Amino acid sequence: MPDDTGAIRPAAVANAAGMSPEALKRLEEMAAAARRRRRLQAWLPWLVIVGMFVVWEAAVAAFSIPQFVLPAPTDIAASMVKWWKPLLDNSWQTLMTTLIGFGFAIVFGLLLGIAIGSSTLLYHGLYPLLIGFNSIPKVAVVPILVIWFGIGTVPAVITAFLISFFPIVVNVATGIATVEPELRDVLRALGARHTDIIRKVGLPRAMPYFFASLKISITVAFVGSIIAETVAANKGIGHLMILASSRFDVPLVFAGLMVTAIMGVAMYVAAVSIENRTTGWATRGQNDQQQVKFGGA
Amino acid sequence: MERPFVEISEVAMRYGGVEGTLALQGTSMNIAKGEFVAVVGPSGCGKSTLMRLVTGLWPATAGHVVVAGTEVAGPLSIAGMAFQNPTLLPWRNILDNVMLPLEVVEPHRRQLRAKRAEYEKQAKDLLALVGLAGFEAKFPWQLSGGMQQRASLCRALIHEPALLMLDEPFAALDIFTREDLWSVLQDVWMVRRPTVILVTHDLREAAFLADRVLVMSSRPGRIIAERKVHFPRPRTLETTYAPEFVSLVHDLREYISAARKGEEVAHA
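Same order as they appear, the protein sequences are chains A and B.
The opening residue of the first sequence carries number 480 in the working numbering; numbering runs sequentially from there.
The opening residue of the second sequence carries number 765 in the working numbering; numbering runs sequentially from there.
I should point out that these hints are in silico values taken from the structure, not numbers from a laboratory.
Owing to the predicted nature of the structure, the values given are computational and were not obtained by experimental measurement.
Glycine included, every Cβ here is placed at the ideal spot set by N, Cα and C.
One thing to keep in mind: the hints can contain errors.
[What the hints assert, rightly or not] Here are a few chain B residues that face chain A, going by a calculated C-beta distance under 8 Å:
hint, residue
1, Ala837
2, Leu840
3, Ser841
4, Asn849
5, Pro854
6, Glu867
7, Val868
8, Tyr1005
Hey, can you work out the whole structure from these sequences and the hints?
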């Protein structure tokens, strides 16, 4: 087929025999430029973070801001070293609490999302309730949870669950409900049952939506568990920060914030790597080396 | 005389309740087994509606649709469909996309696990027939529009459907690719002989491929003219330059112009 093979393997084109030396040289230059660009992309986030800390440190020194208002990054680091044991213990507690709540959110979010996405009746019936539920500030729910379950881990797990559950439901339902009508017709004309269509098309199609929602959910799950810990817990990063602030140990409060941010980023990165591994087809082109080579000059 | 494979009698279709749009009214046609019929008409005349009625995806508001001797009451399980948009699944490679109907249609569905190798060979042969040999492991987005449409055609044919419904399958392609695929479709049809209903607004396409061309009026759609096409097969692109071909296309064009003005045309 002379019409359409050319666009598929640029590498094969580049390696093809009979290419003039000038053309090869130019191709190599383009590849080198693309490599430099990728290296910069990989380092840029770190440069920005380091830059932020440098500016912060300089500002605190220049305007001689007192430590109990805004501690310098070096003070925070010192506090982290000094209190590493309680920080580690409490962040471990928070991490576990968050992950358990998040795990429940995944299971129930997927189930409810599939149910809502595959049935218009359920969709219309449950959606207003879900939106109403999601509009309730979760911090207001914590005291009720404390009445029901007492102070401790359980309210934090439930808060993390409640806050991270909604994005998963909405995304999975959207993915399933937006299957192309033509594709649905193709399958229905084959005699496919409703469950066939959900299984063969709806679910795989919803996966990119699902993973996108995980990235949002895992970060807000931390918000949920820490909110609950600041109100009603005797362990966890939230609890630690409340204690520290009552002692005016502001560097330790900030150390707690740092640890939380690090955990959030780590979980986010984990979600992204799972996403890339399972639904790479949805982000085609972005990871395509050849495309970068030709487009990145 | 043998009973027609598809019988459509006095079918009407109205969308959106009593006050809704009337898409089809008093539409009748008979299609013999193994016949290749093209339906042409001005845009918005209910051609695609007709396809959905025949495959049982939608129920008609009035009249009868009978396929293979049985009144159509729900989605048929014997039809293969292809649309203007290839609608391949992006997470499956070409081979798995083509094999999708086998995972759904009985009896293949039950046998798929046991006879996987045999079915895969069938799919590969079919892909080779449309010129896609060697692309089995590629993903849809790695293929051009024309190649995706070839794969979509294979998906419509893999389970050897008795009825093949094509809804403007080549409308989004450039003219060279389109003409290429006409020949591909003709080859496949001559080997397998399914009953084909091709909906199109390309009059040359209709004249090139069909045994019979039906012309529909503008909304509400009715069949207003019918032309038998006698050119010997296999037809080649040379056929399209023959004076008879040109005059057939010209006639069809006249019908369409008349249909758009809402005039009645005598059956030729």
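How the hints compare with the structure:
The beta carbon of Ala837(B) is not positioned within 8 Å of any beta carbon in chain A (closest approach about 13 Å), and the interface hint is therefore violated. With a cut of 8 Å, the hint placing Leu840(B) at the interface with chain A holds, because the nearest CB-to-CB distance is about 6 Å. Hint on Ser841(B) holds. Least Cβ distance to chain A is approximately 3 Å, under the 8 Å limit. Interface hint at Asn849(B): satisfied, since its Cβ lies 6 Å from the closest Cβ of chain A, which is below the 8 Å cut-off.
Hint on Pro854(B) holds. Least Cβ distance to chain A is approximately 5 Å, under the 8 Å limit. At a threshold of 8 Å, the smallest CB-CB gap from Glu867(B) to chain A is about 7 Å, leaving the interface hint in force. Using the Cβ-Cβ criterion of 8 Å, the hint placing Val868(B) at the interface with chain A is satisfied: the shortest such distance is roughly 5 Å. With a least beta-carbon distance of about 21 Å to chain A, the hint placing Tyr1005(B) at the interface is violated under the 8 Å criterion.
Hint compliance for this structure: hints 1 and 8 are not met, and every other hint is.
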